[in-house]
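Visitor: Here is what each chain is made of, one letter per residue.
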Amino acid sequence: MDSSEVEFLAEKETVKIIPNFSLDRIYLIGGDLGPFNPGLPVDVPVWLALNLKQRQKCRIVPPAWMDVEKLEEMRELERKEDTFTPVPSPYYMELTKLLLNYASDNIPKADEIRTLVKDIWDTRIAKLRLSADSFISQLEAHAKLDNLTLMEINTIRAFLLDSLNCMYKLRSNLQPGSSKGQFTDY
Amino acid sequence: MFCEKAIELIRELHRMSDGQLPAFNEDVLRQVLQEMEALYEQNQTDVNEAKAGRAELIPSIKLRHCCLLRNQRCLTAYLYDRLLRIRALRWEYGSVLPANVRFHMCAEEVQWISQYKKSLASFMRSLGGGEGLDITQDMKPPKSLYIEVRCLKDHGEFEIDDGTVILLKKNSQHFLPRWKCEQLIRQGVLEHVMS
Amino acid sequence: MDTQSYLPVQPGVGMGENFLSLDDIVLSHERLPIRTECRFPRLGFLEKSSDSQDIPEGTKMELPLWLSKGLYEKKRRVLSVELPKVYREGWRTVFNADPNVVDLHKMGPYYYGLGSQMLHFDSPENPEIAQTLLQTFIGRFRRNMDSSQNAYNEDTSALVERLDCLEKALFTSGQSGLNSFQSWEKGQASQLTASSLVLNYRKRKITDLQP
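Chains as they are written, first to last, in the UniProt record's numbering: chain V, 1 to 186; chain X, 1 to 195; chain F, 1 to 211.
If you are wondering where the hints come from, they were derived from the structure by calculation, not from laboratory data.
Possibly wrong hints are sitting among the right ones.
[Claimed, not checked] List of simulated lysine-lysine pairs, DSS-like, C-alpha gap at most 30 Å:
{"#": "1", "chain 1": "X", "residue 1": "Lys170", "chain 2": "V", "residue 2": "Lys12"}
{"#": "2", "chain 1": "X", "residue 1": "Lys5", "chain 2": "F", "residue 2": "Lys186"}
{"#": "3", "chain 1": "V", "residue 1": "Lys127", "chain 2": "F", "residue 2": "Lys60"}
{"#": "4", "chain 1": "F", "residue 1": "Lys186", "chain 2": "X", "residue 2": "Lys51"}
{"#": "5", "chain 1": "V", "residue 1": "Lys57", "chain 2": "X", "residue 2": "Lys143"}
{"#": "6", "chain 1": "V", "residue 1": "Lys127", "chain 2": "V", "residue 2": "Lys97"}
{"#": "7", "chain 1": "X", "residue 1": "Lys170", "chain 2": "F", "residue 2": "Lys74"}
{"#": "8", "chain 1": "V", "residue 1": "Lys127", "chain 2": "V", "residue 2": "Lys70"}
[What the hints assert, rightly or not] One-sided and incomplete, this derived list gives chain F residues near chain V with beta-carbon spacing under 7 Å:
{"#": "9", "residue": "Phe121"}
{"#": "10", "residue": "Leu133"}
{"#": "11", "residue": "Arg142"}
{"#": "12", "residue": "Asn179"}
{"#": "13", "residue": "Gln182"}
These numbers were taken from a predicted model, which means no experiment stands behind them.
Every residue, glycine too, gets a C-beta built ideally from N, C-alpha and C.
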């Protein structure tokens, strides 16, 4: 999967905006949107929020978790725990990047948030590698991916799947006769 | 040793792991087929003698037989891998392949790609309730309908949806419908400018 | 990241080969030291050192893996295959002591692939060979993963030069994950780019012209 596809999925998440225009409810395949009234908060998908923001039609209200204190807590917890802690949004990384890039003026302490989220990400990726290594070295057959997000899995997917294929090949060597067919390869 | 020519064909493709299509190596291909013919004939002779009682010939017959199968495997893999590459060209270059690429195909391959193009086109026409859908477009999720592009070389006149004709001149910059540009960007004529 | 539309046939995953895989075909061309256990009449010309008409019994020569596999039979001895040095006990001890110090490119470059194929030939050492192959892979895994996931935007040739072919392929897939994420982070993921195949064609055309 390409990262841009993961981001595309993240754009379907909803975010609160405060529009500065009025428009009746609109009916789309993906669901109804609006109505939009100046100054009244309304939930819209991220792709629309960003589009409106770029045209200066709205102000984006950052999600509740996008807050320095809350993120600091999460970072500490993530560092303390050996396992993956639950994340505030399955698209926390993508949403942080999208909202900070297009609407940093609507998000207090944007730079600190960016650093915090990056710290959380780095801690989690380090854990991911550690667990991938112990998964391989202890010859495990299955692993739980609880609390991992799509973007995190996506960065290591190709590598991990290929490694598991190699492992399968080398482990099936240990059971002679199991897959030894006739010599049909020339 | 036998089958050295056949591995030459395989190595030729193996070296170009990015999917480029080298010229069809008819020469070596024919040499492999000749070797196979010789192996087969020698084996026919030996088999007849073995049947008449000369069982000690069997190991040699088996060796030649292995070589025949090996040659067959190499040739099949060579031809098949080339088809994979040729199919990929349709997706990378669009429906018109540049002459220097077409040049590297044999007659059967040219015929194959034109059949492939036809079946891809009729499949795409049948999509979306008869409306048709170009599935070679939008390989990445689009962010907007129009994009900013810069010309990397002179490409001549170019007509967009509304009938306007624009001149794609080297270093000129345009704001164009994304679906119109995607192919040209892939071909390296235009460059997608990010804001 | 550029989406590549040419996807070659992957090598076989189990002990068997994939018939159409170029990787497997090249691997099975590796030469093995063998000893003939019977006479091969009328094939003397394959063995350059002798000028007799036949290959006599007891000749030591090298044959490609595919042919050794094709001729090998458990019941009727046609040939016996000698274990290449890297899979013998001496080297196995080295590999088991510290798999990270060995240069698998020099020893291979198909260390795992050829090693797995050697198991087709009956040998009392087979269980140990299989065990060493697996442990070597596991022992080198962490370093391989870290280097493929950390080396961003740098020359990776030094990192891969001591890797076996299989590890090199792993390294490449690790790099593609890293590069794709990094380009997304820099906001380049949604940029449309020229096909790398097209660009390589152009590069080659230029070098073709140069005498």
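Visitor: Confirm or reject each hint.
Guide: Now for the hints, and whether the structure bears them out:
A distance of roughly 39 Å separates the Cα atoms of Lys170 (chain X) and Lys12 (chain V); the hinted pair therefore is violated under the 30 Å criterion. A C-alpha spacing of about 48 Å is found between Lys5 (chain X) and Lys186 (chain F), which places the hinted pair above 30 Å, so the restraint is violated. For the hint linking Lys127 (chain V) to Lys60 (chain F), the alpha-carbon distance of about 53 Å lies beyond 30 Å, and the restraint is violated. Under the criterion of a C-alpha separation no larger than 30 Å, the hint pairing Lys186 (chain F) with Lys51 (chain X) is inconsistent with the structure, at around 73 Å.
The suggested pairing of Lys57 (chain V) with Lys143 (chain X) holds, with an alpha-carbon distance near 18 Å, which does not exceed 30 Å. The straight-line distance between the Cα atoms of Lys127 (chain V) and Lys97 (chain V) is roughly 22 Å, inside the 30 Å bound, and the hint therefore holds. Between the alpha carbons of Lys170 (chain X) and Lys74 (chain F) the distance comes to roughly 69 Å, so the proposed pair goes past 30 Å and is violated. Under the criterion of a C-alpha separation no larger than 30 Å, the hint pairing Lys127 (chain V) with Lys70 (chain V) is consistent with the structure, at around 21 Å.
Because the beta carbon of Phe121 (chain F) sits about 10 Å from the nearest beta carbon in chain V, more than 7 Å, this interface hint is broken. A distance limit of 7 Å between C-beta atoms decides the matter here; for Leu133 (chain F) the minimum to chain V is near 5 Å, and the interface restraint holds. Nearest Cβ of chain V to the Cβ of Arg142 (chain F): about 5 Å, under the 7 Å cut. The hint holds. A least Cβ separation of about 10 Å between Asn179 (chain F) and chain V goes past the 7 Å threshold, and the interface hint is therefore violated.
With 7 Å as the threshold, the beta carbon of Gln182 (chain F) stays out of range of chain V, its nearest partner Cβ sitting at about 9 Å, so the hint is violated.
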